[in-house]
Amino acid sequence: MSVGAPRSLASSGQKPIAEILHPLSAAEEQLSVTVGGDKEAGLTNGTPVETSSPASTSSLLNRLQLDDDLEADIRDPYAEAAETRDLFVTVDDPKKHVSTMETYITYRVSTKTSRVEFDLPEYCVRRRYQDFDWLRIKLEDSQPTHLIPPLPEKFVMKGVVDRFSEDFVETRMKALDKFLKRVADHPVLSFNPHLNTFLTTKDLNKRQGLALLSKVGESVKHVAGGYKLRARPAEFGAMGEYLDTFNQKLGTIDRIAQRILKEQSEYLTELREYGTVYSSWAGSEDELRRPLEGVGGCVTTCCGALEDLGDGMSQDILPVLREYVLYIESMKSVLRKRDQSQAEYEGRLEAAVLRKQEDRTPMPLEVEKCQDKVECFNADLKADWERWQSNKRHDFKQLLTGMADKNINHYEKCQAAWESLITLLQDKQTEDKTSETN
Amino acid sequence: MADCGSNEEVAVIFNTDITSTESENNLINTMVEIGATLLRKMEINVTEAEKRTGKNTVNMQETYTVYLIETRSAETVPEGGTPTTPDTLWRRYSEFELLRTYLLVTYPYIIIPPLPEKRAEFVWHKMSADNLDPDFVERRRVGLENFLLRVASHPVLSNDKIFFLFLTEEKEWREVVLETGFQDKVDSRLKSLSAMFRVKNPDKRFTALKHYSDELNSVISQLLRVRAKVADRLYGVYKVHGNYGRVFSEWSAIEKEMGDGLQSAGHHMDTFAASIDDILEEEEHYADQLKEYLFYAEAVRSVCRKHELIQYELEMVAQDLVSKKQQKEELATGTVRVFSLKGMTSKLFGQESQEQRESRLAALEQSTREGEETLKERNTECQEFVRTAWEDIGRFKEQKDRDLREALISYAIMQISMCKKGIQVWSNAKECFNKM
Chain Y
1 MSVGAPRSLA SSGQKPIAEI LHPLSAAEEQ LSVTVGGDKE AGLTNGTPVE
51 TSSPASTSSL LNRLQLDDDL EADIRDPYAE AAETRDLFVT VDDPKKHVST
101 METYITYRVS TKTSRVEFDL PEYCVRRRYQ DFDWLRIKLE DSQPTHLIPP
151 LPEKFVMKGV VDRFSEDFVE TRMKALDKFL KRVADHPVLS FNPHLNTFLT
201 TKDLNKRQGL ALLSKVGESV KHVAGGYKLR ARPAEFGAMG EYLDTFNQKL
251 GTIDRIAQRI LKEQSEYLTE LREYGTVYSS WAGSEDELRR PLEGVGGCVT
301 TCCGALEDLG DGMSQDILPV LREYVLYIES MKSVLRKRDQ SQAEYEGRLE
351 AAVLRKQEDR TPMPLEVEKC QDKVECFNAD LKADWERWQS NKRHDFKQLL
401 TGMADKNINH YEKCQAAWES LITLLQDKQT EDKTSETN
Chain L
439 MADCGSNEEV AVIFNTDITS TESENNLINT MVEIGATLLR KMEINVTEAE
489 KRTGKNTVNM QETYTVYLIE TRSAETVPEG GTPTTPDTLW RRYSEFELLR
539 TYLLVTYPYI IIPPLPEKRA EFVWHKMSAD NLDPDFVERR RVGLENFLLR
589 VASHPVLSND KIFFLFLTEE KEWREVVLET GFQDKVDSRL KSLSAMFRVK
639 NPDKRFTALK HYSDELNSVI SQLLRVRAKV ADRLYGVYKV HGNYGRVFSE
689 WSAIEKEMGD GLQSAGHHMD TFAASIDDIL EEEEHYADQL KEYLFYAEAV
739 RSVCRKHELI QYELEMVAQD LVSKKQQKEE LATGTVRVFS LKGMTSKLFG
789 QESQEQRESR LAALEQSTRE GEETLKERNT ECQEFVRTAW EDIGRFKEQK
839 DRDLREALIS YAIMQISMCK KGIQVWSNAK ECFNKM
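Residue numbers (the numbering used here), protein chains in the order written: chain Y, 1 to 438; chain L, 439 to 874.
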């Protein structure tokens, strides 16, 4: 944990955009940062960029390597800031609570930080899913121009899925951990006071009560009244198109993965029976008994390895795919809001221009406010989009290499089993030969 | 051990307790004999298959496959010399069947090597069940060659003239075989094989062997059935992965930095999906090895049944002899212990004359002597059968243990190869993912 200089709150929408160099826009300048990690002198605001990065060994190594993989490094923002992070959060330790009214799970949320916004350097609180949901809603409402990471699915069919099974709880916990880490790594969202409350307050319930009441009021604020969008800037159109296609592809990948799981499970059923036939054959043989038992044993080992592969896929791979689908949903809604705020601005501008022509009043403040809002929105969104893209790249790289690893691991286990069988069988052969000649 | 009840005079002796030294000797003798089998002198191959059309026995057009048998002298060719051109002839499957039936009838105490299956069985989804399918024909060719090699390396069967002619005499062979008159024996033997008869004192060893052959049949059938289902499922798993190839390719089109990595990974997924075809084709060879022993189990059972028949006939002859002797005794002593028609009629219609009695006694004497001769012959026949059969059974057991162990080892090697391929493909894909 490194100690950094206190940073000013990167707020948006308080000054005209032209005056502040948006903290996130420095992302473009990052591309020319050398591997050594020296920052360019051109950042006028003195606000170092903090791009998120899980403090992984590989990103640290990347930073230390001086000649290999320069290209990847330059494009990978993770190479930066790994050591400049000052807010660390973790979600772990699930516990079941049984009360007269309900049964639910809580998770331990641990925080370590050097930020002045926090009174203490460490915190430890217990939260339940409801609390995470509350946080997300607050973030969405208070930072409408930013992309908020998604939560794992809220509703689970009670009859279908066991909400208290180890696997389900484990999967959900990992997703909540990821959510919180993404928020904590976001240069704007991580300074949100609601996050602070979430991380520090012992008893969140009291605040929640108030939150639920005000939730309705805040979201109404952003419904623009029936303005039609004239011209969506090309880049946002491209974003929308990308999200649609990406969503489609993710859906396909999810279906393929599920189909593979199904086929593998059917294969496993047959393979189990296959193994037992060898064992039963062994019972009626003498010389062949051990080889046949050996084959039966190998098949059983392969069954176990296959089971592990299937479990790994459904616990680690599929949930992440689904999470991204949710992410895309929330991003599309942010894009829609952006469109709406642009439409509102255009509408008001048009009305103001007409009025100006009639009675020469200056541009109303309202219109200027709208313009600012739109421009802020656009800038925030663009910056968030870039970070989302690089997060996505990282996440999927991890996901897919993880999938490859699981498969490799599965085959390695099977290969080892069969190789030891051959050794056994061939040893016996030489054993028999020597006893024959004796 | 056929014991005809109380009468020791007709006790039949079987050597059921072969000591281990004796069985070892049998083995060594057999191995020495292998050196003298046909295979030492002659190289046999079934090299080709061809489609023919012709008129069959009911004068209808039919398409069938013929196989080319090549034989040449097994003398080693001097260095730099060209191998001698082989003698060749064409045979179709039905001719192989005819040869095998001949061998079955002529050597009832031998476990006759089986032919490859007539129709494709234990087929998994993608495999063809069509007899004219090239893959099936190819596997059959291998099976037929295997059959010929088995017969040619058998210490007893390899010396058979008809077998030799099968390999050397294309046109005349059919006539020669039929001339041996073995077909008459076929009918009676076949009838006996399916008939239900009870042997009074079954040979424990043969009973145990028959039981074993039934178990072997049952377990290998089950194994082949399940293996086919496993192959089916595995095929499905691999092929679905091919879909990743397409979707990665489509996805890569909308990505900038990730595009190349995704695209190449997609290619590896396609490779993965395609690899299953070769893997399963190789496994068919293993299935064929198992099938051979499935059919061998049938051949073993058939030897047991033939022994039962011989045993039964022996018991019948012995029984008949006992009855004749008893009749003779009654006639001589005048007591009626056993019911006989003559006895009854003489009671009803009065005693027969001394002349009549003496002529009947003489006839019975004759009959008894003939009966004793027959019994001796049958006894010898039975003993010979048992001796030669157990020799062959010992040889078969050794062969079976050896062959099946080899088959299991090669199956394990196939599995290892499949695992290695899988690791290779996924490692390649992982490299591509890392470049994303």
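What the hints contain is simulated information worked out from the structure, not anything from laboratory work.
Heads up, some of the hints might be wrong.
Below, in silico cross-link-like pairs of lysine-lysine (DSSO-like), each with a Cα-Cα straight-line distance of 30 Å or less [unchecked claim]:
#1 Lys667/L / Lys406/Y
#2 Lys556/L / Lys406/Y
#3 Lys406/Y / Lys677/L
Outcome of the hint check:
1. Lys667/L / Lys406/Y: With a Cα-Cα distance of about 25 Å, the restraint between Lys667/L and Lys406/Y holds, given a limit of 30 Å.
2. Lys556/L / Lys406/Y: Given that 30 Å is the threshold and the Cα spacing comes to 44 Å, the pair is violated.
3. Lys406/Y / Lys677/L: Distance ~19 Å between Lys406/Y and Lys677/L Cα, so the pair holds.
Violated hint for the displayed structure: number 2, the only one.
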